[in-house]
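Novice: Same order as they appear, the protein sequences are chains X and L.
Residue 152 in this note's numbering sits at position 152 of the first sequence; the count goes up by one each step and never skips.
Just add 192 to the spot in the second sequence (first one is 1) and you have this note's numbering.
One thing to keep in mind: the hints can contain errors.
To be verified - Subject to a maximum C-alpha distance of 25 Å in a straight line, what follows is the list of computed DMTMM-like cross-link-like pairs (lysine to aspartate or glutamate): (1) 184(X) / 112(X); (2) 400(L) / 185(X); (3) 327(L) / 420(L); (4) 389(L) / 169(X); (5) 5(X) / 398(L); (6) 31(X) / 370(L); (7) 347(L) / 112(X); (8) 173(X) / 349(L); (9) 184(X) / 197(L); (10) 327(L) / 197(L); (11) 371(L) / 169(X); (12) 241(L) / 420(L).
Think of the hints as simulated: they come from the structure by calculation, not from any bench.
On a predicted model such as this, the values are computed, not experimentally measured, just so you know.
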Amino acid sequence: MNSWKLKEIVVMSVLSVVFAVVYLAFLPVGKILVGFFGPIGYDLIFGIWFIVSIIAAYIIRKPGAAFLSETIAAAVEVLLGNAVGPMLLVSGMIQGLGAESAFAMTRYKRYDLFTLMLAGVMAAVFSFVWGYFLSGYAALSTGYVAAMFIARIISGAIISGVAGKALSDALAKTGVLSSFALGKEHRRKHAA
Amino acid sequence: MFLHDLNPTVKALTIIGAVFLLAFVFDPVTPLLYIVWTVLVTFLFGTFKKRYYLYYFIPFTLFAFGMFWTTIVFSDTASATSETVSFLGMEFPTEDIWTAAALGLRVLAFASLSLLFLFTTNMVHFILSLIQQLKLPPKIAYGVLAGYRFLPMLKTEFQQIRAAHRIRGVNRPDSWKEKLLQYQRFAIPLLAGAIRKAERTAIAMESKGFTGAKARTFYRPMRVQWKDWLFPVMMFGMLGVTIAVLLYFGYFSWYDGQL
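Let the sequences and hints guide you as you build the complete structure.
Specialist: Below, the structure is given as structure tokens:
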């Protein structure tokens with residue numbers, strides 16, 4: 001934790017707070033999809049709920065960024081009041097750990113599209129295992145659960161991996177990230 | 193009141209513990225009794241506007257019913273028994289209804305527990321207590337507090353950006369698709385502004401002598417006193433009694449791979 005600068009922590013918390021609001025806004029969207037497709041509705045857009053860990057890790061590039069940002073976002077969601085309750089905090093931590101595991105696998109060296117997508121996939125896998133026990137997916141038929149799992153993995157890779165990278169790159173282009181790892185890389189690339 | 197003066201960390205850990213235990217209960221009666229108990233405790237030992245509690249509780253009920261319904265409709269038919277119950281003109285296996293009710297009521301039990309915490313806890317006290325009792329690094333804790341303060345500011349920022357777009361001739365959205373595109377246009381300026389502000393806040397904190405060192409004094413010391421332990425004893429005690437009574441009458445069921 002000592003290698004973190006205070007501004008990195010504050011920026012990470014602000015990102016988490018912003019995305020906590022986004023996460024809450026997407027809960028009713030998920031609910032509408034569930035109304036149409038059944039429980040798989042959430043899985044189609046589940047990638048949304050991992051996005052902050054990918055963005056924070058990609059911008060700050062320090063061990064723990066993915067886990068901490070997702071945890072803070074979940075804590076803010078709990079503090080703002082949501083329809084899932086305090087268990088959401090644990091879900092957030094598990095999703096964060098999932099994303100973190102992908103970055104740890106690269107020893108926090110690689111931050112390319114593949115790693116970011118892998119982070120989304122790992123978050124999906126971790127959260128699915130957790131959801132399997134917590135929400136009782138086991139009560140659903142096996143084929144359906146498999147479809148949910150695949151939908152969530154794809155959603156994690158595309159929405160959080162690809163869209164998270166696009167959003168961060170767009171932010172880097174504005175220049176506000178110039179003192180963060182992503183902004184520095186961005187400047188190096190464009191200077192050359 | 194009792195709940196407001198409790199140490200926030202003790203309160204939070206008790207609630208998380210109770211939620212964890214309830215997650216392994218698979219009969220509908222235990223969560224139902226526990227909901228009644230939690231709501232009772234909240235109303236007896238907390239002071240807040242009762243009306244707001246209701247406003248918060250209603251969406252949870254809808255969510256719980258959704259959970260109940262989807263569990264029935266999408267349940268694994270292979271494990272179903274021959275006994276059926278007719279409900280809304282359709283036939284459902286009894287076991288499925290029982291499990292679905294357990295899952296739905298569990299959602300409500302979690303909700304009542306989290307509302308107990310939300311309605312009786314000051315968030316700043318909670319974070320201060322996390323630093324002092326759970327040794328959360330002050331660097332993270334104060335960083336998060338600063339970030340949390342941005343929430344109302346973001347709303348004004350959003351309105352400003354929208355006004356700025358309008359003045360430059362961006363029209364009001366008149367369809368769902370346009371509204372979605374509009375949010376896309378807002379995302380980058382909103383985030384960029386927030387990041388800039390966060391960076392400035394961090395510099396301001398450091399210039400005023402914040403080092404994030406763990407050895408620091410507190411304006412509001414948070415302590416754990418003996419009366420704080422009454423709450424966990426009360427909440428876990430009641431859960432224990434409920435389970436014991438239901439075991440005696442044969443209503444209780446623990447997670448046993450029945451799903």
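Novice: A separate judgement is required for each hint: does it hold in the structure or not?
Specialist: Taking the hints in turn, this is what the structure says about them:
1. 184(X) / 112(X): holds (15 Å)
2. 400(L) / 185(X): violated (31 Å)
3. 327(L) / 420(L): holds (18 Å)
4. 389(L) / 169(X): Roughly 19 Å between the alpha carbons, so the hint for residue 389(L) and residue 169(X) holds.
5. 5(X) / 398(L): holds (10 Å)
6. 31(X) / 370(L): holds (22 Å)
7. 347(L) / 112(X): violated (33 Å)
8. 173(X) / 349(L): holds (20 Å)
9. 184(X) / 197(L): violated (48 Å)
10. 327(L) / 197(L): holds (20 Å)
11. 371(L) / 169(X): holds (23 Å)
12. 241(L) / 420(L): Distance of about 24 Å is within 25 Å: holds.
Going through the hint list in order, the structure does not satisfy hints 2, 7 and 9.
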